[in-house]
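Visitor: These protein sequence lines are chains A and B, in that order.
Per my numbering, the very first residue in the first sequence carries number 1; after that it's consecutive.
Per my numbering, the very first residue in the second sequence carries number 1; after that it's consecutive.
Treat each hint with caution, since some may be false.
With a straight-line cut-off of 25 Å between C-alpha atoms, the simulated DSS-like cross-links for lysine-lysine are [said to hold, decoys possible]: (1) B:Lys53 - B:Lys68; (2) B:Lys68 - B:Lys55; (3) B:Lys53 - B:Lys94; (4) A:Lys57 - B:Lys55; (5) A:Lys71 - B:Lys55; (6) A:Lys71 - A:Lys57.
Note that these hints are calculated values from the structure, not bench results.
Keep in mind that this is a model prediction, so the values were computed, not measured.
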Amino acid sequence: NAGVTQTPKFQVLKTGQSMTLQCAQDMNHNSMYWYRQDPGMGLRLIYYSASEGTTDKGEVPNGYNVSRLNKREFSLRLESAAPSQTSVYFCASSVRDLTQYFGPGTRLTVL
Amino acid sequence: KNEVEQSPQNLTAQEGEFITINCSYSVGISALHWLQQHPGGGIVSLFMLSSGKKKHGRLIATINIQEKHSSLHITASHPRDSAVYICAVYNTDKLIFGTGTRLQVFP
């Protein structure tokens with residue numbers, strides 16, 4: 001089992017460009033999450049999906065959209081990147097409110 | 001005030017020392033996570049607990065629900081324990097994270 005995989009690992013964008021971060025899990029988990037991690041702050045929830053076909057906003061959803069493509073895949077899209085979105089992005093999955101398993105992260109820089 | 005507070009923010013220890021990291025929270029929770037983040041960035045779940053105490057190797061986690069407090073202990077610390085330790089609580093099916101405790105263990 002690969003667990004939770006994320007692509008890409010690194011990305012540099014210019015302000016205004018768009019991109020999609022991909023996340024997939026092979027553990028048959030219902031719940032999937034997108035977080036961002038910034039220096040001096042705890043991980044913050046951007047969006048989550050409690051099950052296939054449902055998505056909900058987290059603490060910091062502005063500037064992002066998500067798609068739960070199927071049970072395995074949960075993507076995060078930045079339509080018009082801004083420097084404030086420079087961060088490390090983590091995807092995670094779980095069986096409801098049990099242990100969360102994290103992907104390796106995507107380091108995004110917006111110039 | 002953050003809903004999840006950790007102390008200390010930074011901790012330096014000599015190999016072999018007993019280490020304690022504290023976590024206090026101000027919201028109702030269904031469970032509490034302790035996570036480890038290594039310098040490479042990957043995040044691994046160490047424990048999830050909702051009462052009492054759990055032990056895994058040299059790591060021990062305790063929680064006091066009445067006092068809204070949890071501790072992570074590392075016995076016989078080793079340089080490979082150097083990492084950021086993160087406390088997170090489950091509140092309404094979502095995790096709320098502390099800002100982490102950076103631990104460095106020197107030989």
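Visitor: It remains to establish, for every hint, whether it holds in the given structure.
Guide: Verification of the supplied hints:
no. : hint              : in the structure
1   : B:Lys53 - B:Lys68 : holds, 14 Å
2   : B:Lys68 - B:Lys55 : holds, 20 Å
3   : B:Lys53 - B:Lys94 : holds, 22 Å
4   : A:Lys57 - B:Lys55 : violated, 35 Å
5   : A:Lys71 - B:Lys55 : violated, 33 Å
6   : A:Lys71 - A:Lys57 : holds, 18 Å
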